[in-house]
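S.K.: Residue-level listing of the chains:
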Amino acid sequence: MKQKTLAFYIWLITITIGISTYLFFPEEVNVDFLKGLSEVHYITALVIYLLILSTRGLTMIPSTPLLFAGILIFDPVVLFITNMMGILISSTLVYYFSRYLGLDTYFENKYRAHIQKIKTKMDDKELLVIIGWSFFPLVPTDLIVYVGSTLRINVFKCLVGVFVGESVLNTFYIVSATLLLRP
Amino acid sequence: MGFEIKIYLKNIVYSMLVLIFVIIILWTLIFSHPFFLNAYTDLLVRGGGMDPETVDFQTYSKEEFSAEFLNSSLGPEDDFITLFENHYGTENKREGIMIIAYDIKNPNDPSKYTFYRINKYTDLVYKNDRQTCHPYKIIDKKHYRSKLMTNSCS
Numbered sequence: 001m002k003q004k005t006l007a008f009y010i011w012l013i014t015i016t017i018g019i020s021t022y023l024f025f026p027e028e029v030n031v032d033f034l035k036g037l038s039e040v041h042y043i044t045a046l047v048i049y050l051l052i053l054s055t056r057g058l059t060m061i062p063s064t065p066l067l068f069a070g071i072l073i074f075d076p077v078v079l080f081i082t083n084m085m086g087i088l089i090s091s092t093l094v095y096y097f098s099r100y101l102g103l104d105t106y107f108e109n110k111y112r113a114h115i116q117k118i119k120t121k122m123d124d125k126e127l128l129v130i131i132g133w134s135f136f137p138l139v140p141t142d143l144i145v146y147v148g149s150t151l152r153i154n155v156f157k158c159l160v161g162v163f164v165g166e167s168v169l170n171t172f173y174i175v176s177a178t179l180l181l182r183p
Numbered sequence: 001m002g003f004e005i006k007i008y009l010k011n012i013v014y015s016m017l018v019l020i021f022v023i024i025i026l027w028t029l030i031f032s033h034p035f036f037l038n039a040y041t042d043l044l045v046r047g048g049g050m051d052p053e054t055v056d057f058q059t060y061s062k063e064e065f066s067a068e069f070l071n072s073s074l075g076p077e078d079d080f081i082t083l084f085e086n087h088y089g090t091e092n093k094r095e096g097i098m099i100i101a102y103d104i105k106n107p108n109d110p111s112k113y114t115f116y117r118i119n120k121y122t123d124l125v126y127k128n129d130r131q132t133c134h135p136y137k138i139i140d141k142k143h144y145r146s147k148l149m150t151n152s153c154s
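These protein sequence lines map, in sequence, to chains A and B. Sequential numbering of the first sequence, starting at 1, is according to my numbering. Sequential numbering of the second sequence, starting at 1, is according to my numbering.
In short, the hints are calculated from the structure, not lab data. Keep in mind it's a predicted model, so treat the numbers as computed, not measured. Misleading hints may appear alongside valid ones.
Claimed, not checked - No more than 27 Å apart at the CA atoms, straight line, and that leaves these computed lysine-lysine pairs for DSSO-like:
hint, chain 1, residue 1, chain 2, residue 2
1, B, K10, A, K117
2, B, K120, A, K125
3, B, K120, A, K121
4, B, K10, A, K119
To be verified - Ranges between beta-carbon positions, derived for each pair:
hint, chain 1, residue 1, chain 2, residue 2, range
5, A, F156, B, N108, 54 to 60 Å
6, B, L43, A, R152, 42 to 48 Å
7, B, A39, A, Y111, 23 to 29 Å
8, B, K6, A, D104, 26 to 32 Å
9, B, E68, A, I15, 47 to 53 Å
10, B, V22, A, I81, 20 to 26 Å
As the list claims (entries may be wrong) - Residues of chain B clear of chain A, computed beta-carbon distances all greater than 10 Å:
hint, residue
11, W27
12, T41
13, L44
14, G47
15, D56
16, A67
17, E68
18, E77
19, T82
20, K93
21, G96
22, Y121
23, D123
24, D129
Just so it is clear, CB atoms sit at the ideal spot from N, CA and C, and this is done for glycine as well.
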């Protein structure tokens, strides 16, 4: 129990640092250092990029700034595949981390009536809500995964929803930015 | 179980179609008006961590571009692409489905390049000046040692 409490506080601090950095120092959220590395060790740069993307969800920093930076470094098709892999790994981590912290049990016990109400209202629409949320660029996708995990929505359903919403949006970003900015 | 999977698949396909439709509308909006295109590019530049000072993205109508950079007025019979290529050449030309792209080195400053993108279907031309030098110059590829270039791009 103590271990979980400690993990919960560390997670809160990480999220606070992550969101504050993103809001107040957006220029620091970039992968500029990978530009030089990718010229010599393309695969290594790609693996580091994937690792950053995969763990990013725990900090709630959106993946979009990383994607924009990646467009200038990596091949568009490789970038799309890596980015989607990173997003799915990140979502899986977020989903199970939320379970590990016991957020589902906590909310279920504390707000049983509300949770039941939301569950009933979302019945059969969970997938559509996750897809729509993941597609909308102004809200962090990880948040819906935390909510999904708390509401005990099936992990597969969460990941499919995130994949559908994010893949369409990322394709748009990658294709348009490649057309406009890539040499 | 089979019925549930059918519903999921139906939801996924319909959602994909709706999202693709939204993207097509967004795409059309962005690529058909200079204001939206400049705003979107600005977002990409800032979001990508590029220094906005090193990128200068501008959108022109073909007529405006001819008057400002090609020193000629574009008549109804004139072919803009021919006029453009006669003036700038065809350095690094790439022809895509929607756009013809050129990447032309600045004759006065080798570290500067200018992208030109001519939209085949609308009246727009995009010009993007940029500094190509990277602050880190790789001086030893084998051991990956880099040198921070502070003042010069050469």
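S.K.: Of all the hints given earlier, name the ones this structure violates by number, lowest first.
M.R.: 2, 3, 6, 7, 11, 12, 13, 14 and 21
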